[in-house]
Amino acid sequence: MRFYEYEAKALLRKQGVRLPDGGTAEKPADAGKIARDIGGAVVLKSQVLSGGRMKAGGVKFADTPAEAETACAEILKLPIKDQMPVNVLVEAKAAVAKEYYLGVTFDGVAKLPVMIISDMGGIDIEEVAETHPEHIAKVHLSTLHPFSDYQAKEAVASLGITGGELNQLTRVLAQLVRTFLAYNLTLAEINPLGKLEDGSFVVLDCHLDMEEEARERHQKSVLDELGIGADEMRQGRPPTEFEKRGARVDNVDHRGVAGRVVEFEGNLGLVIGAGGGSLTIFDAVQRFGGKPANYCEIGGNPSVLKACELTKVILSKPGVDKIAVIMNVVSNTRVDIVARGVVKGVVESGFDPAEKIAVFRIPGAWEGEGFKLLEKYGVHYCDRTVSMSEAARRAVEKIAG
Amino acid sequence: MAETKAMFIQVEVDPAAAGDAELAKKLAEVCPVSIFEADGEGKAAIVEENLDECVLCELCVEAAPPGQVRVTKLYSGETLSR
Numbered sequence: 000m001r002f003y004e005y006e007a008k009a010l011l012r013k014q015g016v017r018l019p020d021g022g023t024a025e026k027p028a029d030a031g032k033i034a035r036d037i038g039g040a041v042v043l044k045s046q047v048l049s050g051g052r053m054k055a056g057g058v059k060f061a062d063t064p065a066e067a068e069t070a071c072a073e074i075l076k077l078p079i080k081d082q083m084p085v086n087v088l089v090e091a092k093a094a095v096a097k098e099y100y101l102g103v104t105f106d107g108v109a110k111l112p113v114m115i116i117s118d119m120g121g122i123d124i125e126e127v128a129e130t131h132p133e134h135i136a137k138v139h140l141s142t143l144h145p146f147s148d149y150q151a152k153e154a155v156a157s158l159g160i161t162g163g164e165l166n167q168l169t170r171v172l173a174q175l176v177r178t179f180l181a182y183n184l185t186l187a188e189i190n191p192l193g194k195l196e197d198g199s200f201v202v203l204d205c206h207l208d209m210e211e212e213a214r215e216r217h218q219k220s221v222l223d224e225l226g227i228g229a230d231e232m233r234q235g236r237p238p239t240e241f242e243k244r245g246a247r248v249d250n251v252d253h254r255g256v257a258g259r260v261v262e263f264e265g266n267l268g269l270v271i272g273a274g275g276g277s278l279t280i281f282d283a284v285q286r287f288g289g290k291p292a293n294y295c296e297i298g299g300n301p302s303v304l305k306a307c308e309l310t311k312v313i314l315s316k317p318g319v320d321k322i323a324v325i326m327n328v329v330s331n332t333r334v335d336i337v338a339r340g341v342v343k344g345v346v347e348s349g350f351d352p353a354e355k356i357a358v359f360r361i362p363g364a365w366e367g368e369g370f371k372l373l374e375k376y377g378v379h380y381c382d383r384t385v386s387m388s389e390a391a392r393r394a395v396e397k398i399a400g
Numbered sequence: 000m001a002e003t004k005a006m007f008i009q010v011e012v013d014p015a016a017a018g019d020a021e022l023a024k025k026l027a028e029v030c031p032v033s034i035f036e037a038d039g040e041g042k043a044a045i046v047e048e049n050l051d052e053c054v055l056c057e058l059c060v061e062a063a064p065p066g067q068v069r070v071t072k073l074y075s076g077e078t079l080s081r
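Protein chains in written order, with numbering that gives the first Met the number 0: chain A, 0 to 400; chain B, 0 to 81.
Since the hints were made in silico from the structure, they are not lab data. C-beta atoms are modelled at their ideal positions from N, C-alpha and C, and glycine is treated no differently. A hint or two may mislead.
Said to hold, decoys possible - With a straight-line Cα cutoff of 25 Å, these simulated DSS-like cross-link-like pairs (lysine-lysine) come out: (1) B:K72 x A:K375; (2) A:K371 x B:K72; (3) A:K311 x B:K42.
To be verified - Facing chain A, according to a computed beta carbon distance under 8 Å, are these residues of chain B, among others: (4) M6; (5) D19; (6) C56.
Unchecked claim - Covered stretches of chain A (in silico footprint by chain B; criterion: 3 or more residues with CB under 8 Å from a CB of chain B, positions within the stretch not fixed): (7) 299–312; (8) 364–376.
Use the sequences and the hints to build the structure in full.
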């Protein structure tokens, strides 16, 4: 779950990170008042969840309160990637001498959290990694032992930074790591961290993402305080009508999961999931030249109703020719229950399951019962002797005719 | 036998047994997917929209006297009873 910049900064402030003076403006007059309180030049930033604000005109500078009001009015009217700003962050304009990048995220290969620091901030860290790898340091964190500041110091020092700068950067990086750990974040970035002309450091921009599954844990203690509702979706773009319908399916009852529907432009509907299976299957379909119409995740033994409704939503998308039902080997999810739901969804959508289901590959609990049902409806199914990748290939082959 | 039908599962309750208020209560208690309920007169009634959710646990079959409740898988013709 993404945070708006002003929310991310509120979380950093709780950990003692130094931030520019400022506040959020809902209307131009608010921006004027904040600028007057600051008593100098300000920067105004559109609060949207997507990137590219500067390029889109969502970041403006103002030298006077009157200019701040005008800039705020312009920003509030400006959509960025189809998103209207929720407000405008108004902060004191900093006299920056140098910019740094600080980040904490998970290293999927090492399966550990990793601190990343660069003395080339203000640009994409991926770009720095490609063009100036010597300006980036990475240090992994333990998931067993508690974090200690000396690890942050080692990371900073590995870039050759010494003296007072080393101490100050260590403190900010340690605060960022503690924010990352305290709020179950998947990404915590300060970019740029500005070194001011007086030698102090201030966070100019930051980006925090919270693990979706951790939202409930932090709802009362943090999210309510920030005004983030439990059912508020936070995406880089507004959800499509198709995605909203997919989200509603997951709420039809408490049993299992059938949701996280993301819309794509293809013609092969996907009913996929189990143990990381969704991403694997989605990638496999693309690797074989298929065009997914959607991404989704099912698992945790969804009810027949849930699987049925998800199938109906996917089949209702214009341009979907067939669906592929592929999951990893399931243990608590029952094959026969999912089979019932999918077949029912296809029939209730007015189609023949034998024609509409390109492949059904869910091995595991109650597969014998599931396969009996699929046989009755003439659906092509396969067991665990067929890999997910091969099942994806067969689906792509079928849809190609 | 009182018959009900859905797409995958058919459940039959003997009419005489269905009138037994105690059995109706027991069936409603044991079914994990709420296929049974006791109607206004205390008789065992079947909740049609839940039939296809049947998990084939046979708890209803075991809770009723032999032969009074039967669960049939419509896709295979197999019947669960005792």
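Hints versus structure:
no.	hint	verdict
1	B:K72 x A:K375	11 Å, holds
2	A:K371 x B:K72	10 Å, holds
3	A:K311 x B:K42	35 Å, violated
4	M6	6 Å, holds
5	D19	29 Å, violated
6	C56	11 Å, violated
7	299–312	holds (count 3)
8	364–376	holds (count 5)
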